[in-house]
Amino acid sequence: MSNSNNFVFKGLQVVAWIIFVGLCIEAGALIVNFIFSFFNPQVLHNLYQKLDLSEMYTHNKWIFFGMYSFILFIAIMKAHLFYMVIRLLSKFDPSKPFNSFVSDQITQISYVTFSIGIISYIGRQIAKSLEHYGYATDNLNPFWTDSQAFVLMAAVIYAIAAIFKKGVEIQNENDLTV
Amino acid sequence: MPIVVNLDVMMARRKMSLNELSERVDLTLSNLSILKTGKAKAIRFSTLESICKALDCQPGDILEYDKEKTNP
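From first to last, the protein sequence lines stand for chains A and B.
Residues 1 to 178 (the numbering used here) are what the first sequence spells out, left to right.
Residues 1001 to 1072 (the numbering used here) are what the second sequence spells out, left to right.
No lab work stands behind these hints, which were simulated from the structure alone.
Where hints are given, some of them may not hold.
Within a straight-line C-alpha distance of at most 16 Å, the following computed EDC-like cross-link-like pairs (lysine to aspartate or glutamate) qualify [to be verified]: (1) B:K1039 / A:E55; (2) B:K1039 / A:E169; (3) B:K1041 / B:E1020.
What follows is a list of derived Cβ distance ranges for each label pair [to be verified]: (4) A:A155 / B:A1012: 51 to 59 Å; (5) B:R1024 / A:Y111: 45 to 53 Å; (6) B:E1023 / A:N174: 22 to 30 Å; (7) A:I18 / B:L1063: 15 to 23 Å; (8) B:E1023 / A:K91: 34 to 42 Å; (9) B:K1041 / A:V21: 40 to 48 Å; (10) A:A159 / B:K1041: 33 to 41 Å; (11) A:P94 / B:K1053: 33 to 41 Å; (12) A:N6 / B:V1009: 42 to 50 Å; (13) A:N3 / B:S1017: 25 to 33 Å; (14) A:G22 / B:L1063: 37 to 45 Å; (15) A:N174 / B:I1003: 38 to 46 Å; (16) A:I163 / B:G1060: 49 to 57 Å.
Residues of chain B clear of chain A, computed beta-carbon distances all greater than 12 Å [said to hold, decoys possible]: (17) N1006; (18) D1008; (19) I1051; (20) K1053; (21) D1061; (22) K1069.
Think of the CB as a built atom: it goes at the ideal place given N, C-alpha and C, for glycine as much as any other residue.
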């Protein structure tokens, strides 16, 4: 493996760690807010990143909990996705890339990415339909702006996973060729 | 697999050990062991040639087709 390749992988690992920590902070803050909102609805004016869902809560608290569950699920799944990326990058050996761990991990990453995309899309559609009933859902938009990108990314990753699966088979066959 | 490797039979006939064959055909012991135990998925012509040369035999003496043994 060349030095530049090694450098790129180390760089990617560092970037993945930074993003993972950021996403963990976001998911953690949203979880804490969620727990607090059960006992003290006054905090709903100033949730994570000045998110204000007090109006939604006063309209219907079940809709608030439903929509909050969507953004919480997406945040947790994004953190989980980057945890899987870190695991993949830490165990990935560019000189011998085709092994069952890498193949399985890439397949799982594609499933998680697809789940994030689909849940984001559903959340966005529900938020849109809630607007017709007088709910202000504009401040939730940053949580699901990139749903199509995640679905597209899942498709690309799935294709890569299929290539890796075939690569593992060929590698195994090659290893057993004398 | 219906292809049976009779390498151990030929080695016994020639009274040759795995270590000696490994040195003569320039293959690692683990690769020879894979071949001997029937775990190999394929064999290169160059490997077959060097084994035949070392054991003074024909490819048919090493490989055999047994239709009773089907793929798992």
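Against the structure, the hints come out as follows:
1. Restraint check: the Cα-Cα separation between K1039 of chain B and E55 of chain A comes to about 68 Å, which exceeds 16 Å; the hinted pair is violated.
2. A distance of roughly 15 Å separates the Cα atoms of K1039 of chain B and E169 of chain A; the hinted pair therefore holds under the 16 Å criterion.
3. Taking the CA atoms of K1041 of chain B and E1020 of chain B, the gap is near 23 Å; set against the 16 Å cutoff, the hint is violated.
4. In this structure the hint that A155 of chain A and A1012 of chain B lie 51 to 59 Å apart at CB holds, the actual value being about 56 Å.
5. Taking 45 to 53 Å as the suggested C-beta distance range, the pair R1024 of chain B and Y111 of chain A conforms, at roughly 51 Å.
6. A hinted range of 22 to 30 Å for the beta carbons of E1023 of chain B and N174 of chain A is consistent with their spacing of about 24 Å.
7. Checked against the hint of 15 to 23 Å, the pair I18 of chain A and L1063 of chain B fails, with Cβ atoms roughly 56 Å apart.
8. For the pair E1023 of chain B and K91 of chain A, the beta carbons lie near 36 Å from each other, so the given range of 34 to 42 Å is met.
9. Separated by about 44 Å at the C-beta atoms, K1041 of chain B and V21 of chain A satisfy the suggested range of 40 to 48 Å.
10. As the Cβ distance of A159 of chain A to K1041 of chain B is approximately 26 Å, the hint placing it in 33 to 41 Å is violated.
11. At roughly 38 Å, the beta-carbon separation of P94 of chain A and K1053 of chain B lies within the given 33 to 41 Å, and the hint holds.
12. Take N6 of chain A and V1009 of chain B: their Cβ atoms lie about 48 Å apart, and the range 42 to 50 Å holds.
13. Taken as a hint, the range 25 to 33 Å is violated for the pair N3 of chain A and S1017 of chain B, whose Cβ atoms sit roughly 44 Å apart.
14. As the Cβ distance of G22 of chain A to L1063 of chain B is approximately 59 Å, the hint placing it in 37 to 45 Å is violated.
15. Range check, N174 of chain A to I1003 of chain B: about 18 Å between beta-carbon atoms, so the 38 to 46 Å window is missed.
16. Range check, I163 of chain A to G1060 of chain B: about 39 Å between beta-carbon atoms, so the 49 to 57 Å window is missed.
17. No beta-carbon of chain A is positioned within 12 Å of the beta-carbon of N1006 of chain B; the least distance is around 15 Å.
18. Non-interface status of D1008 of chain B relative to chain A is upheld: no Cβ of that chain comes within 12 Å, the nearest being about 15 Å off.
19. At roughly 9 Å, the least C-beta separation between I1051 of chain B and chain A is not larger than 12 Å, which violates its mark as non-interface.
20. Every Cβ of chain A is farther than 12 Å from the Cβ of K1053 of chain B; the closest lies at roughly 15 Å, confirming the non-interface assignment.
21. No Cβ of chain A approaches the Cβ of D1061 of chain B within 12 Å, the least distance being about 17 Å, so the stated non-interface status holds.
22. No beta-carbon of chain A comes within 12 Å of the beta-carbon of K1069 of chain B; the shortest separation is about 17 Å.
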